[in-house]
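Colleague: As a plain string of letters, each chain reads:
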Amino acid sequence: MISPRYHREIPQRYRLEAGRCEDCGEIHFPPRFVCRKCGGKRFAIEVLPRRGKVLTHTTIWIPPAPFEIQKPYVVAIVELENGVRLTCMVAEAPPDEVRIGTPVELIFRRLQAQPVWEVLQYGYKARVLAG
Amino acid sequence: MYGIAGYGAYVPRYRIQVETIAEQWGADAAAYRTGLLLSEKTVPGPDEDTITISVAAGRDAIARAGIDPREIGACYIGSESHPYAVKPSGTVVIDALGIGPDCHVADFEFACKAGTEAMYVAYSHVKAGEMKYALGVGADTSQGAPGDALEYTASAGGAAYVMGGDNVVAEILHTYSYTSDTPDFWRREGEHYPRHAGRFTGDPAYFHHVLSSAQGILERSGLKPADFRHAVFHMPNGKFPLRAGKLCGFKPEQLEQGWVVNLMGNTYSGSSPTGLASCLDVAVPGDLILVTSFGSGAGSDSFVLRATDRLPTVQKLAPSVRDQLVDRRINLTYGKYVAYRGKIRMNES
Ligand SMILES: [Zn+2]
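Keeping their order, the protein sequence lines are chains A and B. Quick note: the first sequence uses the working numbering, first residue 370, plus one each step. Quick note: the second sequence uses the working numbering, first residue -15, plus one each step.
Don't read these hints as lab results, they were simulated from the structure. A few of these clues could be false.
[Claimed, not checked] Dumping the calculated BS3-like pairs for lysine-lysine here, alpha-carbon to alpha-carbon at most 30 Å: (1) B/Lys320 with A/Lys440; (2) B/Lys111 with B/Lys208; (3) B/Lys235 with B/Lys223; (4) A/Lys422 with B/Lys320; (5) B/Lys223 with B/Lys327; (6) B/Lys223 with B/Lys208; (7) B/Lys327 with A/Lys440; (8) B/Lys300 with A/Lys422.
Quick caveat, the model's predicted, so the values are computed rather than measured.
Please take these sequences and the hints and turn them into a complete structure.
Modeller: The structure is reproduced here in C-alpha cells:
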C-alpha cells in the first residue's frame, strides 16, 4: 500500500515543487526538512523549470515487472536550467535518441498502473525536445 | 467579449499504419484507405491516458492564455476513456496544472462529443460571470475491438480550452446543440469494447445530428457558409466530415485546415476540438470558424467563433497541431501496438 506516500509527494511529482532554503538559497529536490548546505530548516516553495539537458543516461533492458512492456527504455540524470539535477525515465525515446547533452523537457506521464485495483501513479518523465 | 483565452492540443508520438492493421487481419488495406480516407492513426504510449493528454494540452492552453492557473474556477474533462471508473480525471489534472483547490471539477461523457460539452459549460460559466476563467478539455485514448472497422480509426489525442472574458483569442459568437435518442453506438457497463449498429451510424446518427446542428446555428446566427474561413466537423473517419461539410455548403478549402483525421484517426472527444486548434494555429484576426461535434447516442454541439487581434501573438507559444502530426513519428508493429494498448494478457507480477 503506497497511497499515503504517493499523496504526500504530489506537489513534487506533479508540479516539480522544490524547497528553497530561506537561509542560504540552496534548492532541494526532492524537498528536505534540513538544508544539506547550511542546516537551515525554513524553506520556500520553488517551482523548477521544465527544461534541461541530459547529464548522463543508461538503457534498461531488464526492468522491474511493471515496466516490462516499456523496455528497452532510458533512465537519465537531467540537469535543469537552474542547475538542479534529478533522475527520471525518458519517455518514448529509442535509446539511440538520447545522448549526453540532449535537450529535454519534463512532462507529465503515468508512472505505474499495476496492480489493477490500486491508485494510478503519475509523475514527471523527460522527453527529448524536437529539433 | 467572451470566448477562448488560450488553447492547446496534444498528439501522441506513436502511430500505426492502416496497412499494418489490415495485414494482421487479412483485410484489404487499399479498400480501408480509400473507404476511410485515412492512412494512419495515433496510438497512446504505455504511460499515456486521458489524464496525461489533458495535462499536456491544458499546459499549452494556460501558456497561451498567459494567466495564473489559480485564476481558473472550473475544470471539465470530456472523454469516453477516463482512466478511472470512479475518481474524476479532473482531480489529477487540476493538481498537475496548479489549478485549484478553489475549483469546480467534473468529468463529462457523451461518446465523441464530451469535449465540446466541457467547452460549452466552461464558456457558459465565464459568460455568466461565475468565474474569471474555466478550462474545458476533450481527450481520449479510444479503443476499437481487434479486427473491427473501428480499430482502423480509434486513436488518441486531445485539446484544451481556457475560456474567459479577458485575453480572448477567439470570441464565441453563437452556440447551438441538437440531441435525440438515437442508438447508433453504445457500450454497456462492464463491456470492454463498444458496439455499433452498422449502417445505422451514418445517415440517422452522424449526418442527421451534425447537419441539424450546423444548419441550426447558421440559421440562428444569420451567417452563411461563405462567411467562414474554416469549418470543422467531427471526424469519425476521413469521409464523413468532408461529406457533411459539402452538404452544408462549405468548399474543400474551408474544411482542409481542421481536417486532421487522415494522419490522426478519430480521437473521439478530442476530434473536433483538435480540428479547431489546428484552425486557430493559422487563423488571422476576423476569421470566422464553425465547429460541430458529434457524439453517438446522439447529439451535436456547434460553435461560431471569430479570431481576435490577440490570436497571432499566442499561436507560436506552443507546438501547432500540424507540426505534432508530422514531427518525429514512431511507427509501431501490430504486436507492439496491442501490447501498448493492454490487449495482451501478461502474467501477474
Ligand atoms: Zn541552507
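Colleague: Next, verify each hint and record whether it holds.
Modeller: Here's how the hints hold up against the structure:
1. B/Lys320 with A/Lys440: Holds, at roughly 11 Å.
2. B/Lys111 with B/Lys208: holds, 25 Å
3. B/Lys235 with B/Lys223: Satisfied, since the Cα-Cα distance of roughly 14 Å is no more than 30 Å.
4. A/Lys422 with B/Lys320: Holds, because 29 Å separates the two Cα atoms, which is no more than 30 Å.
5. B/Lys223 with B/Lys327: The hint holds at about 28 Å.
6. B/Lys223 with B/Lys208: With Cα atoms ~23 Å apart, B/Lys223 and B/Lys208 stay inside 30 Å; holds.
7. B/Lys327 with A/Lys440: Roughly 17 Å between the alpha carbons, so the hint for B/Lys327 and A/Lys440 holds.
8. B/Lys300 with A/Lys422: Satisfied, since the Cα-Cα distance of roughly 23 Å is no more than 30 Å.
Violated hints for the displayed structure: none, as all numbered hints are satisfied.
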